[in-house]
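A.B. asks: Below are the chains, spelled out letter by letter.
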Amino acid sequence: MTDLLLRLGCVLAAFLVLPLLVGQAEHKVMAHMQGRLGPMQAGGFHGWAQLVADGVKFAQKEDIVPAAADRRVFRLAPAVALLPYLVVLVAIPLGPDELVGQSLDAGIFFVLAVLGVGVLGSLMAGWASANKYALLGALRTAAQLMAYELPLLLAAASVAMAAGTLSLPGVLDAFHWWWVPWQLVGAAVFFTAGLAELQRPPFDAPIAPEEIIFGAYTEYSGLRFALFLLAEYAGIVVLSALTAVLFLGGWHGPAAGRLGWLWMLLKTGALSFAVIWARVAWPRLRADQIQRFAWTALVPLALAQIALTGTLRVVTA
Amino acid sequence: MTGRELLSPSGQDVVFVLVGLVTLGAAVLCVTSRHLVHAALWLVVALGGIAVHYLLLTAEFVAWVQVLIYLGSVVVLVLFGLMLTRAPIGPSPEADSRNRPVALVVALAAAGVLVTLLVDAFRTTWIDLDTPHGTSRQVGDGLFRAWVLPFEALSVLLLAALVGAIVLSRRPGKRPEGGER
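Chains A and B, in that order, give the protein sequences. Counting along the first sequence from 1, when you hit position 55 you're at 55 in UniProt numbering, and nothing is skipped either side. Counting along the second sequence from 1, when you hit position 154 you're at 154 in UniProt numbering, and nothing is skipped either side.
Derived from the structure by calculation, the hints contain no laboratory data. Every residue, glycine too, gets a C-beta built ideally from N, C-alpha and C. One thing to keep in mind: the hints can contain errors.
Stated by the list, open to error - Which residues of chain B face chain A? A partial, calculated answer using Cβ under 7 Å: (1) VAL37; (2) ALA39; (3) TYR54; (4) LEU55; (5) LEU57; (6) GLU60; (7) PHE61; (8) VAL62; (9) TRP64; (10) VAL67; (11) LEU71; (12) VAL78; (13) VAL119; (14) THR124; (15) THR135.
Claimed, not checked - Below, in silico cross-link-like pairs of lysine to any residue (SDA-like), each with a Cα-Cα straight-line distance of 20 Å or less: (16) LYS28(A) <-> ALA304(A); (17) LYS132(A) <-> HIS38(B); (18) LYS28(A) <-> TRP277(A); (19) LYS132(A) <-> MET83(B); (20) LYS132(A) <-> GLY142(B); (21) LYS61(A) <-> PHE225(A); (22) LYS57(A) <-> TRP277(A); (23) LYS132(A) <-> ALA109(B); (24) LYS132(A) <-> GLN12(B); (25) LYS132(A) <-> ALA103(B); (26) LYS132(A) <-> THR85(B); (27) LYS132(A) <-> VAL167(B).
What the hints assert, rightly or not - Distance windows between CB atoms, simulated: (28) THR131(B) <-> ASP173(A): 51 to 57 Å; (29) LEU154(B) <-> GLY38(A): 24 to 30 Å; (30) HIS133(B) <-> ALA304(A): 34 to 40 Å; (31) LEU5(A) <-> ASP13(B): 45 to 51 Å; (32) GLU210(A) <-> PHE122(B): 45 to 51 Å; (33) LEU162(B) <-> GLU210(A): 34 to 40 Å; (34) TRP295(A) <-> LEU104(B): 37 to 43 Å; (35) PHE144(B) <-> ALA304(A): 22 to 28 Å; (36) PRO209(A) <-> LEU114(B): 27 to 33 Å; (37) PRO300(A) <-> PRO93(B): 55 to 61 Å; (38) ALA165(B) <-> THR316(A): 46 to 52 Å; (39) MET40(A) <-> PRO93(B): 53 to 59 Å; (40) LEU303(A) <-> PHE122(B): 38 to 44 Å.
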């Protein structure tokens, strides 16, 4: 029992710390890529406490619910958007020898299923705001989710086929280095589709500030808005960690017995960096371009990856 | 066997009944709510409750598939459809049809058939909850060895539905001159 509580406590700590690190990294990385400094004042050294200051600011702001809004759904939406990421972190292995919150038999299905629930939060927010921009954002969110859920699942299924198991620690136990080139297409599809599900640039048409203000989150202020932002950063952490586990070998690396957790964190961090980089590097895709990209590029690529995986499995078996 | 009487339920039995009550309540609210989107959200609670039931019966794989397909996709599709057509905030009484009595009869008939079938099929079978019965390996073995024919029949059915949906959405007659679009 104490063991379980300790594990859950560690997962909660990771959930509270890692998204903030990614958020701070986004401030600084974007700034330096754009030839500026980013936050420099809060906390003294290179503005390390900027997100803490932001949090204090959000907590002080008035929590406004529009008069025409559906109050209960409006208030519930941020929690529905954020909690799935906390739940998902429980199943992601950090190191060898059961260094995981809870080892699940169908872990891949669990994480993808629970991640899909988070989108309900955006939909609830968009509808309950009684704002046409919010509704447009929610519509785009739903359309995007339905388009990208399929390639995401297919790419993950390819890894499950290669490993012969649906459990995330099991996938890592079966990992060999040559999986990386073998599953490379699947990894690209998974990461791209994950980006689209998080609505990160270049797939951020659902929140596109220049067109529809801030999509489903337009009417939010104060802590509830901060929760949506936190959900976005937690989503980056979860997507990077999942990609690292499924396609990059998670804790595998030199001296994995002792330093496995470090490898896992490094791979997660590198992928999070790539997510931030994508925001600076690419312009936003239009909603119809996003749809076409999913159905005409990612789905066929994911199917090709599954065919390749299946062929190699049968040939080598 | 000791500990298997209805009058001395274990913790799991109690949780099962409680989750069942929540599911039932959410389902009733789903069909009685006058707010269209609220009905869809109550559907989320009801379907989630069923997933928890699968978990309690150690059918882990089926539970996650339930969450993935029904909560993650079907309900999102329902909400998408509602938002795309009309989903005003507040009650929408014009959405009520006069088919309520018919719907009630159909629902009761379907429930009666299913309950009779399940009771007749399992009668007093007890399952041992300490050993998992629904791991992905067991489900896969069952699905692709014993039940592969129904599985294939279902996939053909789904394919037919897919083709049918495409045919319906093509709207013949509204095609512009020349045919190509």
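A.B. asks: Which of the numbered hints above does this structure break?
C.D. replies: 2, 3, 4, 5, 8, 12, 13, 14, 16, 20, 22, 23, 24, 25, 27, 28, 29, 31, 32, 36, 37 and 38
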